[in-house]
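K.L.:
Next come the chains, spelled out residue by residue.
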Amino acid sequence: MSEVRKGKKTVLVACGTGIATSTVVSDAIEKMAKENNIQVEIVQCKVTEVPAYESRASLLVTTTIVSKEYPFPIINARAFLTGIGLDKLKEQILEELKK
Amino acid sequence: MNHVKFDETLVIRNVEGENSSDILKHMAANLYQKGFVKESYADAVIAREKKFATGLPTKGCGVAIPHTDIEHVNQSAISVGVLKEPVDFGIMGEETEKTPVKLIFMLAMHDSHSQLKMLQSLMGIFQDEEILLYLANEESEVKIKEEVSKRLNLNNVKGGE
Numbered sequence: 001m002s003e004v005r006k007g008k009k010t011v012l013v014a015c016g017t018g019i020a021t022s023t024v025v026s027d028a029i030e031k032m033a034k035e036n037n038i039q040v041e042i043v044q045c046k047v048t049e050v051p052a053y054e055s056r057a058s059l060l061v062t063t064t065i066v067s068k069e070y071p072f073p074i075i076n077a078r079a080f081l082t083g084i085g086l087d088k089l090k091e092q093i094l095e096e097l098k099k
Numbered sequence: 001m002n003h004v005k006f007d008e009t010l011v012i013r014n015v016e017g018e019n020s021s022d023i024l025k026h027m028a029a030n031l032y033q034k035g036f037v038k039e040s041y042a043d044a045v046i047a048r049e050k051k052f053a054t055g056l057p058t059k060g061c062g063v064a065i066p067h068t069d070i071e072h073v074n075q076s077a078i079s080v081g082v083l084k085e086p087v088d089f090g091i092m093g094e095e096t097e098k099t100p101v102k103l104i105f106m107l108a109m110h111d112s113h114s115q116l117k118m119l120q121s122l123m124g125i126f127q128d129e130e131i132l133l134y135l136a137n138e139e140s141e142v143k144i145k146e147e148v149s150k151r152l153n154l155n156n157v158k159g160g161e
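Respectively, the protein sequence lines represent chains A and B.
In terms of UniProt numbering, the first sequence opens at residue 1 and continues consecutively.
In terms of UniProt numbering, the second sequence opens at residue 1 and continues consecutively.
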């Protein structure tokens, strides 16, 4: 950890095309953040675009495979789509947002 | 135009194929024939499925939401495929794991961010075991169209301008 981030966290939400599943996931995270009074900046992108945001992101939430290593945690967001394991997923994301 | 086209001619029942690519080719050909997607859509959606799988295990029956980049699409549309026999699709976000898929919701998306409500409603279907089983077993394309239109809030008039 090079520095402690203060203020707004940047959360990357990525899927293969950056148009379908990431749209649903971005909205869900935005609502969660609002409900919990957490300030976040959400960046929706293709998984191939993630490296461009590497320096400013605190978290990557994605519906696809991530083959590269990143300095921030990566959370699989499939539960937002299927509802299976949703509570656990929300808890996991909240924990990261509150850090 | 943000309107998402959907009618009973975009509901295909008894889709058969050896593998996921066969199924996608078949469904993409129908979208191409109707002018909703470009010729390049079929290969693009198949390639994208191989790289970023879209199979989703649910509590009802397995579903997949194949789609690809907007440049292959002329007009936003959705096509529903009911497979004769489930076919294995890769699970979204997993390296190698597969899930047997019975229902396909093929998305031809022409705008990047404007379909949030429709997509949320679609995920609502995936979380509803009863509706998934209904769609998998219903024999009338018109009834399938009506149910999906209602759930996704799509009010398309067939033959409309």
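Watch out, some of these pointers could steer you wrong.
List time: in silico DMTMM-like cross-link candidates among lysine to aspartate or glutamate, alpha-carbon distance up to 25 Å [what the hints assert, rightly or not]:
#, chain 1, residue 1, chain 2, residue 2
1, A, K88, B, E129
2, B, K150, B, E130
3, B, K84, B, E97
4, A, K88, B, D111
5, B, K50, A, E69
6, B, K51, A, E49
7, B, K98, B, E71
8, A, K98, A, D27
9, B, K98, B, D111
10, A, K68, B, E97
Rather than coming from a laboratory, the hints here were simulated on the basis of the structure.
K.L.:
Are the hints correct? Go through all of them and say.
P.N.:
Structure-based check of each hint:
In summary, the hint linking K88/A to E129/B is supported, as the alpha carbons are separated by about 20 Å, within the 25 Å threshold. At most 25 Å may separate the alpha-carbon atoms for a hinted pair to count; K150/B and E130/B meet this at roughly 15 Å. With a C-alpha separation of about 22 Å, the suggested pair K84/B and E97/B falls inside the 25 Å cut-off, and the hint holds. The suggested pairing of K88/A with D111/B is violated, with an alpha-carbon distance near 32 Å, which exceeds 25 Å.
Between K50/B and E69/A, the direct Cα distance comes to roughly 21 Å. Compliance with the 25 Å bound is thereby established for this hinted pair. Note on K51/B and E49/A: the hinted pairing holds, with a Cα-Cα distance of about 15 Å set against a maximum of 25 Å. Proposed proximity of K98/B and E71/B is contradicted: the alpha carbons are some 28 Å apart, above 25 Å. Between K98/A and D27/A, the direct Cα distance comes to roughly 18 Å. Compliance with the 25 Å bound is thereby established for this hinted pair.
Annotation: proposed proximity of K98/B to D111/B is violated, straight-line Cα distance about 29 Å (limit 25 Å). For the proposed pair K68/A and E97/B, the alpha carbon gap of about 19 Å is at most 25 Å, so the pair holds.
The structure does not agree with the numbered hints 4, 7, 9 stated previously, though it agrees with the rest.
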